[in-house]
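Trainee: Please construct the entire structure, taking both the sequences and the accompanying hints into account.
Here is how the chains run, residue by residue.
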Amino acid sequence: MKSSTIRVALVGNPNTGKSTLFNDLAGLHQRVGNYPGVTVEKKTGHYQHAGFTFEVIDLPGTYSLAPRSPDEMVAVDVLLGRRAGESAPDIVLLIVDATNLQRNFYLVSQVLSCGLPTVVALNMVDIAQERGIEIDVKKLAAKLGTPVVAIQANRGQGIPELKAALLSASQSTPAKSENPFPAEFIDQALGLSSRLDSNLKLPLPLFLVERLILDGNGYLEDQLLPINAHAEREYLQSVRQSLSQHGFPIPAGEAMARYAWVGRTLEDVVRTPTERRLTLSDRIDAVLVHKLWGTLVLLAVMALLFSSIFQFAEPAMSWVDSGVGWIADVVGSQLAPGALRSLLVDGVIGGVGAVVIFLPQILILFAFIAFLEDSGYMARAAYLMDRLMAGVGLSGRSFIPLLSSFACAVPGIMSARVIENYRDRLVTMLIAPLMSCSARLPVYVILISAFVPSHHYLGGIVGLQGLTLLAMYLVGIFAAVGVAWVLKRTLLRGETPSFVMELPSYKMPSLRTVLFRMAERGWDFLYCAGTLIFSITIIVWALAYYPRSDSLVAETIAGQREQLAAEIAAAAPDSSARNSLLNKLEEFDQQANLTQLEGSLHQQYSFLGRAGRLIEPVVRPLGWDWRIGCAVIASFPAREVVMGVLGVIYNLGTDWDVSVESDQSQLRDRLKSARWDNSGEKVYNLPVALSLMVFFALCAQCAATLSVIRRETNTWRWPLFTFAYMTGLAYVAALLTYQVASRIWV
Amino acid sequence: MISLETLSVGQTAKVLRFAGGGDITQRLLEMGVTPGVDIRLVGSAPLGDPLEFEVRGYRLCLRRSEAKKIEIQT
Ligand SMILES: Nc1nc2c(ncn2[C@@H]2O[C@H](COP(=O)(O)OP(=O)(O)OP(=O)(O)O)[C@@H](O)[C@H]2O)c(=O)[nH]1
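So the sequences go chain by chain: S and F.
Once you know that position 410 of the first sequence is 440 in the working numbering, the rest is easy, because the numbers rise by one and skip nothing.
Once you know that position 53 of the second sequence is 158 in the working numbering, the rest is easy, because the numbers rise by one and skip nothing.
Hints listed in this document are in silico derivations from the structure and should not be mistaken for laboratory results.
Values in this document were obtained by computation on a predicted structure and should not be read as measured data.
A hint or two may mislead.
Straight-line alpha carbon distances no greater than 27 Å define the calculated BS3-like cross-link-like pairs of lysine-lysine that follow [to be verified]:
{"id": "1", "chain 1": "F", "residue 1": "Lys174", "chain 2": "F", "residue 2": "Lys119"}
{"id": "2", "chain 1": "S", "residue 1": "Lys537", "chain 2": "S", "residue 2": "Lys193"}
{"id": "3", "chain 1": "S", "residue 1": "Lys321", "chain 2": "S", "residue 2": "Lys537"}
{"id": "4", "chain 1": "S", "residue 1": "Lys206", "chain 2": "S", "residue 2": "Lys168"}
{"id": "5", "chain 1": "S", "residue 1": "Lys173", "chain 2": "S", "residue 2": "Lys206"}
{"id": "6", "chain 1": "S", "residue 1": "Lys518", "chain 2": "F", "residue 2": "Lys119"}
{"id": "7", "chain 1": "S", "residue 1": "Lys206", "chain 2": "F", "residue 2": "Lys119"}
{"id": "8", "chain 1": "F", "residue 1": "Lys173", "chain 2": "S", "residue 2": "Lys321"}
{"id": "9", "chain 1": "S", "residue 1": "Lys72", "chain 2": "S", "residue 2": "Lys193"}
{"id": "10", "chain 1": "S", "residue 1": "Lys231", "chain 2": "S", "residue 2": "Lys193"}
{"id": "11", "chain 1": "S", "residue 1": "Lys173", "chain 2": "S", "residue 2": "Lys231"}
{"id": "12", "chain 1": "F", "residue 1": "Lys173", "chain 2": "S", "residue 2": "Lys518"}
Mentor: This is how it looks when you write it as structure tokens:
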């Protein structure tokens with residue numbers, strides 16, 4: 031015994047109940063982190079048993095230990111103790127699906143080759159029994175030379191026995207397992223091993239030496255052998271050739287040898303009913319992947335996903351919103367006006383609010399996605415949609431992530447983890463923000479209701495306003511298709527990824543696992559996106575607040591008042607013009623209006639206002655004035671902010687609320703009457719509104735999305751790329767929209 | 106040569122060999138589609154592609170283009 035902590039690596043095929051077992055063992059004592067340099071999650075947990083601490087390391091679900099990418103290499107490195115500062119685990123806990131033993135045992139065979147003490151957890155015994163599969167557990171344990179424990183992870187059955195088996199395994203030496211390969215291969219592997227050791231001073235574990243021979247795709251060779259080891263590479267090639275000539279082809283040899291071992295191991299241990307029975311899963315599938323019913327169910331699931339967002343997330347979001355507003359009021363009323371109050375109220379509380387406001391949506395979507403994954407439906411949705419997605423060079427696996435992005439790109443991007451192929455996953459994450467998320471909706475709604483005429487066609491069934499809204503969604507979808515097409519042919523070119531996917535049998539998801547997954551990802555989001563959104567919000571706040579000059583604002587107000595007074599003096603006495611000017615002055619002097627004007631002027635004189643003027647020449651061709659430019663810059667942290675900023679600019683004050691109908695119509699009126707500073711012409715007309723909407727449909731004004739892309743790709747390169755390409759695309763599209771539309775309508 | 110793609114629904118065949126290689130072949134081998142194994146076509150997705158198979162007691166789906174590269178014997 032090395033120490034009182036016993037390290038257990040949890041390994042298994044996908045869909046075997048690995049997460050469920052991990053939660054059974056570790057309960058709430060779990061932590062999620064990242065392995066440096068790769069995108070694999072590092073999930074660990076611990077529990078106490080018989081005076082020892084057992085640390086459980088959850089490795090990503092896999093069908094095989096043949097690494098083809100840095101992500102897949104993680105599992106091998108952990109098992110062999112090759113990660114810096116980490117020794118090999120004391121025990122491997124291998125979870126297998128009792129209803130699917132043949133394929134699961136391929137991984138068993140590979141894990142046994144690693145030579146570590148191993149315990150096999152035979153899961154899903156309830157379903158196996160239902161299907162009439164009989165397994166002689168004792169005999170299996172004897173043949174494998176490892177303990178085998180039957181469990182039912184979703185009910186927590188067999189867990190005490192499993193813990194006992196882990197304890198005793200940690201105190202005994204592993205039995206030597208049978209090598210499944212022919213003598214020829216074993217000799218060659220031993221030869222290669224001593225050769226690498228003596229020629230290159232490279233003492234590799236035998237498992238890796240074997241893998242070097244078996245994995246002809248070159249990945250492992252490049253990882254393990256020095257670049258200049260030409261002689262060894264050639265030697266390796268000759269070993270493969272000679273084995274092929276002796277009836278052990280590469281790569282099929284490994285699979286044939288291991289599956290032959292699986293056959294020998296299971297032949298007198300498992301009895302499967304000979305006649306093919308229609309399982310429950312088959313009966314469900316008869317509907318869910320049926321040509322007609324399957325499609326209808328998929329549509330219904332999609333509809334449910336969205337209505338759940340509106341049904342449950344919207345109310346929760348407005349609670350969050352009013353809660354944040356309440357805190358801001360309380361804090362605001364305790365402090366004197368000034369920089370500190372503004373920093374706390376508009377900066378800090380606003381910043382926290384901007385992060386937390388996303389949570390209800392994200393949690394609901396994650397719960398939904400976790401349910402789809404754990405029930406087995408996710409794979410069906412991918413299967414049904416693959417043909418369609420293949421059209422843009424993606425696979426069916428991208429469907430749910432992209433679909434969720436219509437609600438919010440954050441969970442969409444995070445759920446892209448199910449996509450095995452790295453290039454596909456990346457393309458999916460890069461185009462996900464083009465789907466029109468719910469944060470864009472208020473922008474569309476206000477602009478459309480203010481500037482798009484409400485014509486109706488076909489007897490009132492379709493309206494122009496509705497069509498415009500639809501067009502905005504389509505703009506995003508078409509752009510996404512185009513971008514995916516281009517990326518797949520340029521930056522992310524490569525072999526068409528395969529769509530070799532298991533369709534797991536249906537299972538009733540456990541509420542606990544679904545909640546765990548939801549909480550885990552929600553926390554992940556808060557943690558990774560929170561800091562970034564928060565700091566950007568503070569920066570934008572500072573830009574809009576400083577340099578504060580009360581005297582400049584007071585001067586401007588006094589100037590405006592003087593001008594008004596001068597006009598009154600010049601007007602003919604008792605004329606109606608004079609009366610209306612007098613009314614105007616009275617209105618001007620009202621305290622509420624003065625406060626709003628002050629706010630607007632401060633905004634104009636701030637760094638942000640100056641930046642808006644600075645970029646005016648750039649946004650002018652889009653039909654925008656500097657105020658819109660300002661609002662676009664200010665809405666960098668979150669696009670829904672844009673309407674709020676416009677509200678401040680157009681003197682609606684800072685208490686203005688987009689979600690309140692009367693405030694909305696106030697903003698509409700202000701927008702409609704806004705005029706250019708120099709010419710006095712109206713700023714907003716249909717072309718300007720369209721160009722602004724198209725810009726927001728395509729731009730990347732969302733710090734949360736960008737930080738989640740950074741989290742999932744482990745580099746700043748891709749979020750920066752996303753920001754650059756989307757902003758470029760949005761600019762060009764808005765430019766085209768304005769230039770074309772203004773020639774048609776004006 | 107007869108390819109897996111030509112199987113009709115419900116029909117079972119034996120896998121003979123793979124045309125071409127690459128990662129897809131390796132993945133298929135790992136998932137139990139080895140020479141000599143029985144494989145049955147269960148059905149196809151509504152748009153005709155991909156295809157659903159039963160092999161070694163579980164369900165696996167493959168695109169037609171992938172199934173084309175697997176040689177079978179009926
Ligand atoms: N009937 C039954 N269902 C189980 C059992 N163990 C787990 N499940 C269910 O199987 C489904 C998949 O379990 P997960 O723990 O998510 O499986 P996983 O291996 O972690 O899957 P991935 O996360 O996709 O790799 C869930 O719906 C579980 O509730 C079991 O012993 N019996």
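Trainee: Between lysine 206 of chain S and lysine 119 of chain F, does the CA-CA distance stay at or below 27 Å?
Mentor: Not satisfied, since the Cα-Cα distance of roughly 34 Å exceeds 27 Å.
Trainee: Would the pair lysine 72 of chain S and lysine 193 of chain S pass a check requiring their Cα atoms to be no farther apart than 27 Å?
Mentor: 22 Å, holds
Trainee: Lysine 173 of chain S and lysine 231 of chain S: Cα distance at most 27 Å?
Mentor: 37 Å, violated
Trainee: Between lysine 173 of chain F and lysine 518 of chain S, is the straight-line Cα distance small enough, at 27 Å or below?
Mentor: 23 Å, holds
Trainee: Measure nothing beyond the straight line between the CA atoms of lysine 321 of chain S and lysine 537 of chain S; if it is 27 Å or shorter, mark the hint as holding.
Mentor: Given pair lysine 321 of chain S, lysine 537 of chain S holds - Cα atoms ~22 Å apart, limit 27 Å.
Trainee: Could you grab the alpha-carbon distance between lysine 206 of chain S and lysine 168 of chain S and see if it respects the 27 Å cut-off?
Mentor: Roughly 18 Å separates the two Cα atoms, so the pair holds.
Trainee: Measure nothing beyond the straight line between the CA atoms of lysine 173 of chain F and lysine 321 of chain S; if it is 27 Å or shorter, mark the hint as holding.
Mentor: Satisfied, since the Cα-Cα distance of roughly 23 Å is no more than 27 Å.
Trainee: Is the Cα-Cα distance between lysine 173 of chain S and lysine 206 of chain S 27 Å or less?
Mentor: The given pair, whose Cα atoms are some 11 Å apart, holds under the 27 Å limit.
Trainee: Checking one constraint from the list: CA of lysine 174 of chain F to CA of lysine 119 of chain F, max 27 Å. Satisfied?
Mentor: 14 Å, holds
Trainee: Keeping to a limit of 27 Å between CA atoms, is the pair of lysine 518 of chain S and lysine 119 of chain F held or broken?
Mentor: Between lysine 518 of chain S and lysine 119 of chain F the Cα gap is close to 35 Å, so the pair fails against 27 Å, i.e. violated.
Trainee: Take a quick look at whether lysine 537 of chain S and lysine 193 of chain S sit within 27 Å of each other, Cα to Cα.
Mentor: With a Cα-Cα distance of about 25 Å, the restraint between lysine 537 of chain S and lysine 193 of chain S holds, given a limit of 27 Å.
Trainee: Taking 27 Å as the top limit, are the C-alpha atoms of lysine 231 of chain S and lysine 193 of chain S close enough?
Mentor: Given that 27 Å is the threshold and the Cα spacing comes to 40 Å, the pair is violated.
Checked against the numbered hints above, the structure breaks hints 6, 7, 10 and 11 and satisfies the rest.
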